[in-house]
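Student: Just so you know, the sequences run in chain order Y and C.
Oh and the first sequence: position 342 is 342 in the numbering used here, straight run, nothing missing.
Oh and the second sequence: position 278 is 1278 in the numbering used here, straight run, nothing missing.
To be clear, the hints were calculated from the coordinates, so they are not data collected in a lab.
Think of the CB as a built atom: it goes at the ideal place given N, C-alpha and C, for glycine as much as any other residue.
Keep in mind that the hints are not guaranteed to be accurate.
No farther apart than 35 Å at their CA atoms in a straight line, the calculated lysine-lysine pairs in the DSBU-like style are these [to be verified]:
id : chain 1 : residue 1 : chain 2 : residue 2
1  : C       : Lys-1259  : Y       : Lys-202
2  : C       : Lys-1259  : C       : Lys-1520
3  : Y       : Lys-304   : C       : Lys-1536
Away from chain C, derived, C-beta distances all over 12 Å, residues of chain Y [claimed, not checked]:
id : residue
4  : Phe-131
5  : Val-154
6  : Ile-350
The following residues of chain C were derived to be distant from chain Y, with all beta-carbon distances above 10 Å [unchecked claim]:
id : residue
7  : Glu-1048
8  : Thr-1231
9  : Thr-1244
10 : Pro-1330
11 : Ile-1334
12 : Glu-1345
13 : Asp-1385
14 : Asp-1386
15 : Ser-1400
16 : Glu-1422
17 : Asn-1424
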Amino acid sequence: MTESTVAAAGAWEVPDRSVSPARRNLGRAVIAVPTIALVAVAGIQIAHTARASAPGFANWRPVAYVYVLWAICLGIGLVMTKGERGKRALFVLPALLFTLAMVVFPTAFGFVLAFSSWNLSSSVGRQFNGFANLRQLFHDTFFWQAMLNMVYYVLSVLVQYAIAFGLALLLNQEIHLRRFFRITFLLPFMLSPVAVSWMIGKSIMDARFGPAAQLLRTLGAQAPAFFDRAWPARLSIMAMDSWYSIPFMMILLLAGLQALPDEVLEASKVDGSSGWQTFWRIVFPIMLPVSITTIILRTIFELKLADVVINVTGGAPGGATDTVSSYIFRVYNDRSNVGYGTALAEFYLIVIVLFLALMLWLSSLWLRKVR
Amino acid sequence: MVQRNGPFLSRPVSRRTILKGATGATAAFAASGLVGRSATRAQTPAAEVNSVIEQILKIPGANTHQPTQSDMEKVGELCLGPTKAVIKPNEFKGVGIRFMGLNNQNVHDFVFRAFLKSWEEYTGAKITWIDLSQADYNSHFQQAVATGTIDFDMLEMGAPFEGDLLGKGLGSPMPDWVKKVINIDNLVAYLKPPVGTWDGVLYRTTIDGDCHNFNYRADYFADKDLASEWTKSGGQGDWAVPTTWQQVQAATKFIKGKKVDGQDAYGYLDVCKPWGGFGWYFFASRATAYAKYPGDKSWLFDPTTMKPRISDPSFVRAIQDVIDVLPDEPPDQINADGNTTGFNEFLGGTGSMCPWWGDIGPAVYTSDSSVVQGKVAFSILPGSDDVYNTKTQKWEKLASGPNFAPNMAYLGWGVYVMKATEKNAALNKACWSVAAHLGGEAISQWTSCYPSGFQPYRTTHFNVPYWTEVGYPKDYIESYLKSQSDSYNHPNSAIEPRIPGIFQYYSAAEDELAKAYAGKEDAQTCANNISAAWEKITDGIGRESQIKLYQASLGS
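Based on the provided sequences and hints, a complete structural model is requested.
Tutor: Shown next, in the form of structure tokens:
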């Protein structure tokens, strides 16, 4: 290692000679005292929640106040003990503590609930019930129907991708009114899915008065309906979902297309490549990273699909259009079954994490192979 | 703008005509058979109340429109008398009330807001509204109660939730002065205690009467072409309004493929889509005639074990009925919820028979979307030629004829005040004053006659002249009121259990029913699955406490 590289590496190391031992000790105390207070207050409240006869607070608000106080003291304490490095930590600390409070803690608490029987109408409140929720989940036909539906919905992302790519290619050309079309194609993405549900699902596709059904009747269809049987209903949901989601994919892909190096495309033209050859051998491979990112992002959104289903079909007919989220909504919202609803949500979270990890791993393998 | 038949809202009203008419109505009811063992006796309110009713029934006035916000504000102001008699001006200055209710169909909270505007101005209190959709009501309410995060001082609530609220000691008992102001004596019999009470204490200001009645298109069943085709096709008996579910099934199958007024004709309209638990009531309306055996108060559960009766042959037959007739109903009926069926389809001219709460009656003549004026009539829910006896486990034909069992779906809305308000005497009194205003005698006549989300619930509401002076055709309104009255007073009416978590049972059933309607499982499997789900819910809430509360709600 040369002296210059050592110097470069050391540029990030700031000596904390300015921190005196006394200040460091005081800083440690500033952190330790609130930490003890936080542990004590949280412990008292946990004991009180577990056994009502134990002393405690009326609600969890005091614990939240002590947490905020602890967070502030932690920041002060870090500066006092670490000097410049402590100041740097302050840039990250608020985000870290916020994530801890708003993401990590609820998720961990969710796991506690997932192993509980907690029906909101029950006079005995939450009770630990071991793996009962998990056993129920494996025998729940509605849940597994919803999981199967999710496979169909996620597969529809590939169709959405193909359409979005086509539209992006179109809008990347020097066509007339290009700006107008770009804005027009983006409009559905600006609409709320709830508005789409009512405008399209409940109005345009209404079997009695909707213009889409009227049109089909004019074309000779007998009693057209979009949501009366499993596959037409599922496809109708996919169509609505695609209508407002394709623009999102399209805009990402369009950005990718606009970043393509002109010289490569010009070279292929000079070499006499046809349009298809240019697309298939040059544009598509270069666009692969953008495409994979787009598909993964869209898949994450798709896995959370719920609003359109809840508003338009409520999972009907017979759970054929249910998504896992819309089913969890019913279990939690309509049946007040917090324990089982949370167990479903946590289980689904694990499935999503594993699925996305697998997807990312496969895509990186594929990209490496292509390159 | 829809075409109106008849002189709706066209004649001026005078106190004399109202009083004269109201008195005459009692005689007319008696003559027409409305008064009697199975009818609600129409009473006349006190003169001062009558005077207010006389004024408010003119609002919105002759040949106009659906009542507007401003119309309802006027009604609220004219009904302030009882409040002014008890509360001093600005007595509640600085008091803030949080009121939770529904925002359905531009009624409920929309109506309350307008009614209470003048009350707020007079008393100085300020109301903050928590508006919920019907499908979100149960969850918001349950979560608030269970997690101790009650964010309301008073609420609009149906009697089925009393187990959840009053059973946990969260209600404030009704003060005596409120009982006097709202005159609880003239409530219809089925809404009197034990409804609204818990352990003998009254908590509820009733503002609604609920039951499912049978709404049908009279023009269909008077249609000569349909009658002739019915005879030719070998239909049993004359072409007439079905009075049993067996006849409803036959008529629905027959009507499919026919035309009435050049439009595709349809028979019965089932509600098949899950609707936050409220869809259950429509299935229950089909099942009560099969399942509610005369003399046995219970019909959903065994009162000693809470074992569900849903897998009995009675309920299985009702499920099978829906499965059998669904292909003959309008396209996409499987995706229709209650609002779609009642307001989009029936009022919009699609279908000829549907069960609903009493909202359809006034809505036929007051909803801007109704196209069925002059074509609709009413009866109690159809009966059945035979009924299942759970004791003998056999179908029986009663010597008295078909078994009728009107479904007292939801037992009406009421206003309840939370116990927590008792810590602040002014707040508690202000809440009860709001309840008394909304449940007042005069205002209730207006809410019965106009679209408000509420139906007749006092004996005085059955005075036909009030309704004819508003503009409803006499025959029409007599048919409507008779269907309501006969349902309320039926000796074999199916009363809903007021037990905690009742909507969980309904919601679980809706999901399974939807599966059966979609052809994914047969009727018996569907019923067995509902039964299993209900057993789980009972165990989750606590079987022993549910048995105790179920027995209490049955009055045993």
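Student: Compare the distance between the alpha carbons of Y:Lys-304 and C:Lys-1536 with 35 Å, and conclude whether the hinted pair is satisfied.
Tutor: Roughly 28 Å between the alpha carbons, so the hint for Y:Lys-304 and C:Lys-1536 holds.
Student: Are the Cα atoms of C:Lys-1259 and Y:Lys-202 separated by 35 Å or less?
Tutor: Judged against 35 Å, a Cα distance of about 26 Å means the pair holds.
Student: Once the closest CB in chain Y is found, is it more than 10 Å from C:Ile-1334?
Tutor: 5 Å, violated
Student: Does the no-contact call for Y:Ile-350 survive, Cβ to all of chain C over 12 Å?
Tutor: 24 Å, holds
Student: Are C:Lys-1259 and C:Lys-1520 close enough, with their CA atoms no more than 35 Å apart?
Tutor: 32 Å, holds
Student: Once the closest CB in chain Y is found, is it more than 10 Å from C:Glu-1422?
Tutor: 17 Å, holds
Student: Is it correct that the beta-carbon of C:Asp-1385 has no partner in chain Y closer than or equal to 10 Å?
Tutor: Per Cβ check, C:Asp-1385 is outside 10 Å of chain Y; nearest 30 Å; holds.
Student: For Y:Phe-131, which was marked as not at the interface, is the minimum beta-carbon distance to chain C over 12 Å?
Tutor: The assertion about Y:Phe-131 holds, with a minimum of 16 Å to chain C.
Student: Does C:Asn-1424 sit more than 10 Å from chain Y, CB to CB?
Tutor: 18 Å, holds
Student: Taking the shortest Cβ-to-Cβ distance between C:Pro-1330 and chain Y, state whether it exceeds 10 Å.
Tutor: 6 Å, violated
Student: Looking at C:Thr-1231 again, its CB stays over 10 Å from all of chain Y?
Tutor: 27 Å, holds
Student: Could you check that no beta carbon of chain Y comes within 10 Å of the beta carbon of C:Glu-1345?
Tutor: Non-interface label fails for C:Glu-1345: nearest chain Y Cβ at 7 Å, not farther than 10 Å.
Checked against the numbered hints above, the structure violates hints 10, 11, 12; every other hint is satisfied.
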